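What follows is the residue order along each chain.
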Amino acid sequence: GDSVTQMEGPVTLSEEAFLTINCTYTATGYPSLFWYVQYPGEGLQLLLKATKADDKGSNKGFEATYRKETTSFHLEKGSVQVSDSAVYFCALSDPGSGTYKYIFGTGTRLKVLA
Amino acid sequence: GAVVSQHPSRVICKSGTSVKIECRSLDFQATTMFWYRQFPKQSLMLMATSNEGSKATYEQGVEKDKFLINHASLTLSTLTVTSAHPEDSSFYICSAWRESYNEQFFGPGTRLTVL
Chain A
1 GDSVTQMEGP VTLSEEAFLT INCTYTATGY PSLFWYVQYP GEGLQLLLKA
51 TKADDKGSNK GFEATYRKET TSFHLEKGSV QVSDSAVYFC ALSDPGSGTY
101 KYIFGTGTRL KVLA
Chain B
1 GAVVSQHPSR VICKSGTSVK IECRSLDFQA TTMFWYRQFP KQSLMLMATS
51 NEGSKATYEQ GVEKDKFLIN HASLTLSTLT VTSAHPEDSS FYICSAWRES
101 YNEQFFGPGT RLTVL
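If you're matching them up, the sequences are chains A and B in order.
Using our numbering, the letters of the first sequence map in sequence onto residues 1 to 114.
Using our numbering, the letters of the second sequence map in sequence onto residues 1 to 115.
Source of the hints: derived by calculation from the structure; they are not laboratory data.
Bear in mind that the values here come from a model prediction, so they are computed numbers and not experimental data.
Keep in mind that the hints are not guaranteed to be accurate.
Derived lysine-lysine pairs resembling DSBU-like cross-links, with alpha carbons at most 35 Å apart [unchecked claim]:
#: 1; chain 1: B; residue 1: Lys55; chain 2: A; residue 2: Lys60
#: 2; chain 1: B; residue 1: Lys55; chain 2: A; residue 2: Lys111
#: 3; chain 1: A; residue 1: Lys101; chain 2: B; residue 2: Lys64
Cβ-Cβ distance ranges computed for the label pairs, FRET-style [stated by the list, open to error]:
#: 4; chain 1: A; residue 1: Leu113; chain 2: B; residue 2: Gly53; range: 47 to 53 Å
#: 5; chain 1: B; residue 1: Glu59; chain 2: A; residue 2: Gly96; range: 16 to 22 Å
#: 6; chain 1: B; residue 1: Ser5; chain 2: A; residue 2: Glu76; range: 28 to 34 Å
#: 7; chain 1: B; residue 1: Glu22; chain 2: A; residue 2: Leu113; range: 21 to 27 Å
Some chain B residues well away from chain A (every beta-carbon gap over 10 Å; in silico) [as the list claims (entries may be wrong)]:
#: 8; residue: Glu22
#: 9; residue: Leu44
#: 10; residue: Leu46
#: 11; residue: Glu52
#: 12; residue: Lys64
#: 13; residue: Ala72
#: 14; residue: Ser73
#: 15; residue: Leu74
#: 16; residue: Leu76
#: 17; residue: Thr78
#: 18; residue: Ser89
#: 19; residue: Ile93
#: 20; residue: Trp97
#: 21; residue: Glu103
#: 22; residue: Gly109
#: 23; residue: Val114
Where a beta carbon is used, it is the ideal one built from N, C-alpha and C, also for glycine.
From just these sequences and the hints, can you work out the full model?
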């Protein structure tokens, strides 16, 4: 079945460092891919998404490109801030499955130090 | 943008009592909503898919008699945790499917603590 694999955390970076959080997926169809962010004690906020191969999602300095050839959707940011400290979830939705379910990765905790 | 609300945001109850959590889509209609459970420092686990006007579809291993779901209108789904026990303490998150966006929109979550 469909699955999402994220890199293990926690990831600790200094402010202004470059961030990469790896995400790979397996899907039988043509999924949509998402990155969500969760701050402590809160729900999920959509960070960015991509719905087809080679699409690049971007928001708040974060970017991710839908790579069909490597089945990846890695999250990147050129210069992280302390306020980016949160848990990041990669997810996929496979419209071809006939449901609207999301498959989530395990989440990657990011801690940014001043 | 679309907003999904949950009520209450926090609830503390005694063991053996039932607790109802509401999930509302505030500016769109949702025939399909989802209920998730999240344990500390873990990912979201889908509990069930809530379908307006019909029975919910539960994921494997989720007790349907324990977690009652009702989706009586296009903007409201409720999750009732019946005869709650301390092991039911968790963070419960709902989402609503918005057809025009082809995307789920998530609520802010409800923290349930059972004493």
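| request: Could you check the structure against the hints above and give me the numbers of any it violates, in ascending order? | output: Checked against the structure, the hints that fail are numbers 1, 2, 7, 9, 10, 19, 20, 21 and 22, while the rest are satisfied.
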